[in-house]
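Two chains, each in its own frame: build the complex with the hints.
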Amino acid sequence: MENETNGDQFSEEVEDRLQNLFGEEEPSEAAETKSADIKPHPLRDLKTIILSIDWEITDEVMTSFVEQVAVLQDTYRNDKIVLVFLQLLGSIGEYIRTHLGQSHPDAFKILTSLFSELERIVQSEDLTEVEKKKILSVELGKYKKLKNQLIPSKAQADDRRMAAAATSDRSAVGGVQPEVLKAIEDLKLFIQKELRILREEIQKLRE
Amino acid sequence: MAFVNPKKKEVQVKIVYYGPGRGGKTTNLEYIYDKFSSRIKTEMVTIKTHGDRTLFFDFLPFDIGKVNGYDVKIQLYTVPGQVKYNATRRLVLRGVDGMVFVADAMAVRREKNILSLKNLQENLANYKRSIFKVPMVLQYNKVDLAEQGIPVLPVETLEQDLNAKLKTASFPASALMGTNVVATLKKIISLTMASIVKDLK
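Residue numbers (the numbering used here), protein chains in the order written: chain A, 1 to 207; chain B, 1 to 201.
Source of the hints: derived by calculation from the structure; they are not laboratory data. Think of the CB as a built atom: it goes at the ideal place given N, C-alpha and C, for glycine as much as any other residue. Hints are not guaranteed to be accurate.
To be verified - So the derived label-pair ranges between C-beta atoms look like this:
#1 B:Gly149 - A:Glu15: 36 to 42 Å
#2 A:Gln19 - B:Lys133: 24 to 30 Å
#3 A:Val130 - B:Gly95: 51 to 57 Å
#4 A:Glu15 - B:Lys128: 28 to 34 Å
#5 A:Leu127 - B:Glu10: 49 to 55 Å
#6 A:Glu129 - B:Tyr127: 57 to 63 Å
#7 A:Leu127 - B:Ile114: 39 to 45 Å
#8 A:Gln149 - B:Asp199: 48 to 54 Å
#9 B:Thr88 - A:Gly141: 47 to 53 Å
#10 A:Arg199 - B:Ser37: 41 to 47 Å
#11 B:Asp161 - A:Val138: 38 to 44 Å
#12 B:Arg90 - A:Arg77: 40 to 46 Å
What the hints assert, rightly or not - Sample of chain B residues at the chain A side, in silico, Cβ under 7 Å:
#13 Val67
#14 Ile150
#15 Val182
What the hints assert, rightly or not - Take a look, some chain B residues computed to stay more than 12 Å from chain A by CB distance:
#16 Thr46
#17 Asn126
#18 Thr157
So here's chain B without its partners, still in its complex pose (with noise of 0.2 Å):
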């Protein structure tokens, strides 16, 4: 649930960032904070250790202004995508708002999507949410590498594998050159903040 503070007029909405090991997680957030920097003034604070992976989470907190005359903080973050970082993961899962389940469209990642995504589901599930009720979009990653000949799979067989059941938004993505890297972002914040008002009604 976000943090309101009618007092200071603010509210802090936090979202995930959650996915298989080196399907581009930190990439966005990388992304984001290269390309607008100037912008949202700000620092990243990242944890890499043993090969350049995360080890902890990234934590990329900015203001996006006013709106409705509170002052609206997102924090974005990322989790470790190793299997054996379960406990970390499940931490920063703490009173999330929403979700982008960054996807590894690489053929030979298609099973440890499907793992990753189950994966989050049980997390949700030890702090009681429900993964078809927390705002969540999907992000098929690395799909450029099909044009230098690197098996990838198919939107389609991506949205059967994670979004039959789910039916959100999703967006095919290269973290790396940016491709749908912004739009994924104001995707989920606009779901996040809908969600939030809901909820506070």
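Same shape as in the complex, but just chain A (with noise of 0.2 Å):
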């Protein structure tokens, strides 16, 4: 190669064969035009932390990320659409929070997911009501997926605390120690509370 090579012939050939390759199609004033078209974010503080979210997710990232969106449903109270995707992030956020690097690894994916929906609603003009609920309708699937495969996660974790707890107190009512038939007790309330929630929202917007 060396032997053929002349500085200035051989960059022009490397510049005629990438031009052959990229050229055209090269996006850069077209993309200009694009991003100045985008308006105010109203969604903005909410996208600058989840933005934020690095791979080590902070409980401070995630308490400003459960806050914000508490703020955004009190601005969005009157939007049922926008007010679900937002009871879906807080709730997705709340139980990243509480786990942090322990989390289901599909629930990052499916927070940034609904994001990026509730944001492409919020922005956009264009879209019907029918329209919105089928993108709600989408990203509700996603989420009652990840709550599924939590259940018996939790629910066989719950199992091994509950056989090391009656190994581990042979006094304790029944083998098994009072707190933790309160955990799971607690844990029981917290998702039949979330699922009738789920279930009254599903319904609101079939009407």
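Shown next, in the form of structure tokens:
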């Protein structure tokens, strides 16, 4: 290669190949126009927080996230669809805040997906109510799938905890410590409450 | 050092996209692949998991055609940006011919950019390579976020932080929208090819 190479001629040849491959469709002009068209972002603060969530998800960032979702829930209290999106975001945010690095691998993925669709709904003026409901329905499906995946794993973890408690404290009533039973009961109530809220929201949307 | 096969008249060029986590390295490759897949006619290999983050690396190979009678095969790699995957980053850097450092222009990412560039310098030193001698292009990604009111570092600050000593080509960019993604790629290929030829002389 070296024997046949002459500085300028070589550079020209490389440029020529690159132009053939990546020429014409260079999108910078179109992209600039597109970005210039962006309107002030109503979800700006929430987006900043989401963009700030790094691999090492911190309690501080997740607390800001949950707080910002609460602020937006107040702002959008009259918009049912946006409100459901925010409830779902709040729920997943709370879950990630509690579990941090131990969160289910799909939790962050669903959180970003929810936000991205919420952003689309809030910013777009062309979407009809039916289209918005369809988008929500898809996201709701993903959320429910995750929820279903979490329930058995929670139950399994509780089974393990119960078994451990039974062997470690034989003096406890029935072999299980009362606080373990209380935790299971709390968890059961939490799941029931979450499902009830979701059922109500789906019902409202159907009406 | 690029792999040159005189018998087959073939050169393989390895270009690595480096930078802090969630900075847009994978998005650069995805944009190139989506936009030019009909021309480059290869598959992009990507391994994503745990919340859609790059766990191992992305790989996009393509041919640019003949230069001086040699078939030039470009291989684009990304590294996982997260701090804990340094062993993988180091592995991907083996035999690198050119680098694109994708910095995150968000103000909150300022320190992470500097740390990541320092990490690159250390990892290259591990292969006895100097960051000042490997062809490199800097890309300041996410500058478009400023239009949404998200605090973004001025290009002058990014230049001061990252390019004061390197003094190499740099591009403000939006990998998501494609702004300057191709310009960055073209520049690094040109610089790398020129460097390979210089080394072979």
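(request) Provide an ascending list of the numbers of those earlier hints which the structure does not satisfy. (result) Checked against the structure, the hints that fail are numbers 9 and 12, while the rest are satisfied.
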